[in-house]
Amino acid sequence: MISAAEALKDFQKITPKTIPLVEPFSKGHRACQGCGEVLALRMVAKAVGMDMIAVSATGCMEIISSSYQTAWETPWIHVAFENAAAVASGVEAGRKALIRKGRIKDAGAKVVAFAGDGATADIGLQALSGALERGHDFTYICLDNEAYMNTGIQRSSSTPYGAMTTTSPPGPKSKGQMTWKKNMPMIAAAHNVPYVATASPAWHVDLMNKVKKAVTIPGPAYIHIFSPCPTGWRCGPETSIETARLAVQSKVFPLFEVIDGQFILSRDIKKPKPVEEYLKTQRRFSHLKPEDIAYIQKRVDADYERLLKLVQVTAPEA
Amino acid sequence: MGRRVGLEVSLACAEAVGLCNADVVAAYPITPQTHIVEHLSELVAEGHLDAEFVPVESEHSAMSCCIGSSAAGARTFTSTSSQGLALMHEILFIAASLRLPIVMATANRSLSGPISIWNDHSDIMAERDIGWIQTFAENGQEVVDLTLHAFKVAEDKRVCLPVAVNLDGFILTHVIEPIEMPDQEEVDAYLPPFEPSQSLDPANPISMGVVGMPEIYTEAKKANAAALEDSYSVIKEHWEGLAKQFGRTYKPIETYRTDDAEVLFVTMGSLGETVMSAVDQMRDDGIKVGQVRIRLWRPFPLDDFMEAIAGAKTLIVIDRALCPGLPAGPVATELRGMMYAKGAKQYVANFVCGLGGRDVTRSQFIEMVNEAQKAAASGEEMSCRMVGVKE
Ligand SMILES: Cc1ncc(C[n+]2csc(CCOP(=O)(O)OP(=O)(O)O)c2C)c(N)n1
Ligand code: SF4
Ligand SMILES: [Mg+2]
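These protein sequence lines map, in sequence, to chains C and E.
Using this note's numbering, you'd call the opening residue of the first sequence number 1 and step up by one each time.
Using this note's numbering, you'd call the opening residue of the second sequence number 319 and step up by one each time.
Mixed in with the good hints, there may be bad ones.
Only pairs whose alpha carbons sit at most 27 Å apart, straight line, appear in this in silico DSSO-like list of lysine-lysine [what the hints assert, rightly or not]:
| no. | chain 1 | residue 1 | chain 2 | residue 2 |
| --- | --- | --- | --- | --- |
| 1 | E | Lys554 | E | Lys540 |
| 2 | C | Lys9 | C | Lys27 |
| 3 | E | Lys475 | C | Lys96 |
| 4 | C | Lys105 | E | Lys554 |
Quick look at which bits of chain C chain E covers, simulated, 3 or more residues with Cβ under 8 Å [claimed, not checked]:
| no. | region |
| --- | --- |
| 5 | 72 to 82 |
| 6 | 90 to 98 |
| 7 | 226 to 235 |
Calculated from the structure, these hints are not laboratory results.
Keep in mind the model is a prediction, meaning the values are calculated, not measured.
All residues carry an ideal CB built from backbone N, CA and C; glycine is no exception.
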């Protein structure tokens, strides 16, 4: 198989002027106002185009896109909560066999799996790991709204430290979520897949280019998209993009790519905003005390430092 | 004409899948299914079968992967057993509701705990309501024939449902038997390439697996159940086709020495062959006993069954699994319910035996006849008896 770098040799970047006009995902969905997940999903779909074969995990995006009419203009399948990666493996394997046997034409279809953070980092982690390890040619998109929103805002392993959810309520004996957010992009990268990236709907052109790269590169690709959920995060529906932007600017959610194992920052945050500025946009953090915020700031800084080191050590020798 | 070979039944099963030209095999190993998938991966590696062998990381993913590949339009096979089947449980229903013609060989094995790799029917009896067509083989030849038949029925546009072919773990999977393996041309004549009526194709987009709101869920379920019921005539039709092509006949309910029989054994799977020899011995002694074998378990062929037992006074239903908290095993529970609705008068004795690989001998079957006849004569209710329990 050719390397990701080779596959991207003639890569044509999407620019603000060349954003695809197609809408593989459009009419008829029932997401909440200001939903960051559905915004990101639409951007992904535009970047993939009409050749997409979408596989959804159970969760908000599956429910809101298929309850009375389908919002999917391209082929779409939903099977269960924890198996989007396994179903996508099957779609890819089935098409591969049929193309080889000359029974269907290879018209460049792209298999793309969509799953929430719960479906990815928790219940579906095994299926995802299996599919990444086996090397199927597909793209896996994790739409991370940092909790199980579809079932009513329960915590997941991707819920950030301190956040209030319905199963991590703050109280005299609890600060809310007591564990640090699981680092899914690093787990994906540890599978040595050709392409891993993080993305944010606040940088929509960057997001679409990452998706375009992911589907261009043969083999498995993983993109982790920060997806504000006004309903679950207790913030105004008009603030989703602003919240997503602050998460990047405060280093809470750094944007980077891992291409053939090389870590590349999409934007270096030279003058970071304080984490507090990001936290205070959402009422899920409103109970946090100054010392909690200081703790979060320290760990966010340390995580970012580690990322910078990875960028350094994986950089090609000059 | 096919060739007569001595072959381990698992290998014969894999060869049959190869003859069917499966496009995708996705499976996870579990004893006693292992030889089936090992041989399939070998057939692919050697270039004898042009398929994608997907070595998934669990049975849950195996069934999920099968759904994906079948939805993509590929002829798809898997095989599992016991804990693996239980791990698939959630996804099995979805395969049926998406109307995907996946074929699965189930090497029947007991369920934990305690953990046991040996044969009984606990695994498949926990999956009675998954909406799949379910058949039972009694020997290696039947495994081969039922596998060809499974693809033929599953992919028939009047059916479009997954099929599970059950074969007893070890007792069949690990035994070398004389088997007539059909030629490729014969199989091709019986089973044309899979032509899905719908698949995941960007040129013709469809949405599969949408939400079932209360306004449509009931109708979707009704349609699904009706599809399974309606598959009965197609199942029979393709057994007739199999008889024409290969000269071996299959029926939903098989009977053995039922003419004038007063007592009838009801069996499923390979244990039926031991019962046959017990029947022969008792017939030699002048006891009017016969046997009914359930080949088609889902959809249940009730009319055929009622016809087969019409002349009998007593049934001895053999169960290879337990229904804890109920007075009978799964097969007897179901049969009693269905017979009651038909106003049947037969006395139903129920024995649970052969759990977790325990052998059941001919003399134990003969003893069951004595017990059942005594109980029937007394007219007392007889709750299920477990055979050969060490006190
Ligand atoms: C096996 C199983 N367990 C639990 C559920 C219930 N369930 C459905 S969606 C969901 C949460 C989804 O969370 P996430 O993956 O983060 O997606 P989101 O809804 O937040 O987009 C849960 C717990 C289920 N459908 N299946
Ligand atoms: S609950 Fe959150 S993720 Fe789900 S549809 Fe509403 S805003 Fe979007
Ligand atoms: Mg979520």
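Going down the list of hints, with the structure as the test:
The hinted pair formed by Lys554/E and Lys540/E meets the criterion: a straight-line CA distance of about 23 Å does not exceed 27 Å. Note on Lys9/C and Lys27/C: the hinted pairing is violated, with a Cα-Cα distance of about 35 Å set against a maximum of 27 Å. Between Lys475/E and Lys96/C the alpha-carbon distance is near 24 Å, which keeps this suggested pair within the 27 Å criterion. Under the criterion of a C-alpha separation no larger than 27 Å, the hint pairing Lys105/C with Lys554/E is inconsistent with the structure, at around 35 Å.
For the region 72 to 82 of chain C, the stated coverage by chain E holds: 10 residues have a C-beta nearer than 8 Å to a C-beta of that chain, and at least 3 were required. Counting residues of the region 90 to 98 of chain C whose beta carbon lies closer than 8 Å to any beta carbon of chain E gives 9, which meets the minimum of three for the stated coverage. For the region 226 to 235 of chain C, the assignment as covered by chain E is violated, since 0 residues bring a beta-carbon within under 8 Å of that chain's beta-carbons and 3 are needed.
Taken one by one, the earlier hints fail for this structure at numbers 2, 4 and 7, listed in ascending order.
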